[in-house]
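Visitor: Sequence:
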Amino acid sequence: MNVLSTSVNECFSGRVANTTRSAEIAKVLLVEILRGQFRVGERLPSERDLAARFRSGRGAVREALSQIEQLRLIEINPGGARIKSVRDSSIAVLGPLLALEESPNALLVDQFLETFSVLTQLSGRRAISAMSTDQQHALLKRLEEMTDRFATGELGQDELHAFLESLGEISNNLVVRLIGNDLRTQLFERMIFKGRETTLNKNYHLQLLKGMRDGIQSRDGNLFSKSLEEYFEELRVGVFQLLDSEIVEESKVL
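Residue numbers for the sequence shown follow our numbering, so the first one is 109 and each next one is one higher.
Hints were generated in silico from the structure; no laboratory data involved. All of these numbers come straight from a predicted model, not from anything done at the bench. Ideal Cβ positions, reconstructed from N, Cα and C, are used throughout, including at glycine. Hints are supplied without guarantee of correctness; some may be wrong.
Straight-line alpha carbon distances no greater than 27 Å define the calculated DSSO-like cross-link-like pairs of lysine-lysine that follow [unchecked claim]:
| # | residue 1 | residue 2 |
| --- | --- | --- |
| 1 | Lys334 | Lys249 |
| 2 | Lys310 | Lys334 |
| 3 | Lys249 | Lys318 |
| 4 | Lys249 | Lys310 |
| 5 | Lys318 | Lys334 |
DEER-style ranges, computed between Cβ atoms [said to hold, decoys possible]:
| # | residue 1 | residue 2 | range |
| --- | --- | --- | --- |
| 6 | Arg147 | Leu248 | 49 to 57 Å |
| 7 | Ala270 | Gly167 | 21 to 29 Å |
| 8 | Val283 | Gln325 | 26 to 34 Å |
| 9 | Asp352 | Thr260 | 37 to 45 Å |
| 10 | Thr260 | Asp290 | 25 to 33 Å |
| 11 | Arg170 | Ser240 | 49 to 57 Å |
| 12 | Glu177 | Glu341 | 33 to 41 Å |
Model the full assembly from the supplied sequences, consistent with the hints where possible.
Guide: In structure tokens form, the structure reads like this:
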């Protein structure tokens with residue numbers, strides 16, 4: 109399966125059907141922009157030239173450019189479309205960026221986990237103080253599933269995703285929830301860690317999971333938040349080493 113094509117398809121899902129010609133054109137242009145084939149401030153080829161290149165109508169090209177403009181990667185003016193910096197784009201670009209290579213960019217994943225850690229700690233503190241008894245039991249069950257999966261040697265992406273989603277629901281902070289939803293969509297739901305064996309320190313990792321469990325059981329938001337912070341810190345180190353080693357191995361093959 110072409111990971112890049114899948115990621116870019118997902119980027120546009122919900123906006124237009126992936127089978128439309130405009131979406132196909134947008135996919136190609138998006139990849140070219142993210143790979144730096146156009147400089148910031150450079151003008152894209154005209155609608156007429158793009159229509160000729162893709163053997164399509166100008167309407168499909170216009171719609172494709174509109175889709176990319178929604179990602180804030182280009183600015184469309186009467187004189188044509190100009191390239192904007194990726195740093196000024198939408199968070200929806202994160203997924204396609206991670207999928208540009210077979211192994212995701214380790215530094216980009218690390219930045220994601222660092223940011224997501226802060227948001228999750230905020231959700232965690234609110235959730236622990238607000239949870240009902242039923243919600244407490246549900247969180248403990250999710251955490252147990254994470255622990256069981258980790259014991260098999262995998263990172264447990266599905267289980268971690270479900271646990272964090274439960275935290276967000278209980279915390280009931282709409283702003284944090286919406287930001288977290290976007291971040292999870294761009295990374296966790298793309299299964300970037302799925303099937304990869306963990307390089308984390310098993311004993312230390314299990315100790316952190318126990319600290320999170322103790323925090324939930326005792327309704328101690330500070331203990332839970334601290335354990336969660338250390339959990340993500342350990343995850344960042346392990347994932348960075350894992351992805352970095354994959355890149356080294358790929359370079360040896362080349």
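Visitor: Decide, hint by hint, whether the structure agrees.
Guide: Against the structure, the hints come out as follows:
1. A distance of roughly 20 Å separates the Cα atoms of Lys334 and Lys249; the hinted pair therefore holds under the 27 Å criterion.
2. Of the pairs offered as hints, the one joining Lys310 and Lys334 holds, with about 18 Å between alpha carbons and a cut-off of 27 Å not exceeded.
3. Proximity of Lys249 to Lys318 is assessed by CA-CA distance (about 13 Å); at most 27 Å being required, the pair is judged to hold.
4. As the CA atoms of Lys249 and Lys310 are separated by approximately 20 Å, the hinted pair is consistent with the 27 Å bound.
5. Taking the CA atoms of Lys318 and Lys334, the gap is about 12 Å. The hint holds against a cut of 27 Å.
6. At roughly 53 Å, the beta carbons of Arg147 and Leu248 sit within the given window of 49 to 57 Å.
7. At about 42 Å, the beta-carbon gap between Ala270 and Gly167 misses the expected band of 21 to 29 Å.
8. In this structure the supplied range 26 to 34 Å holds for Val283 paired with Gln325, their Cβ-Cβ distance being about 28 Å.
9. Taking the beta carbon of each, Asp352 and Thr260 are about 23 Å apart, not inside 37 to 45 Å as hinted.
10. Thr260 and Asp290 have their C-beta atoms about 29 Å apart, which keeps the hinted 25 to 33 Å range intact.
11. Arg170 and Ser240 have their C-beta atoms about 51 Å apart, which keeps the hinted 49 to 57 Å range intact.
12. Checking the proposed 33 to 41 Å range against Glu177 and Glu341 shows it holds: the Cβ atoms sit about 38 Å from each other.
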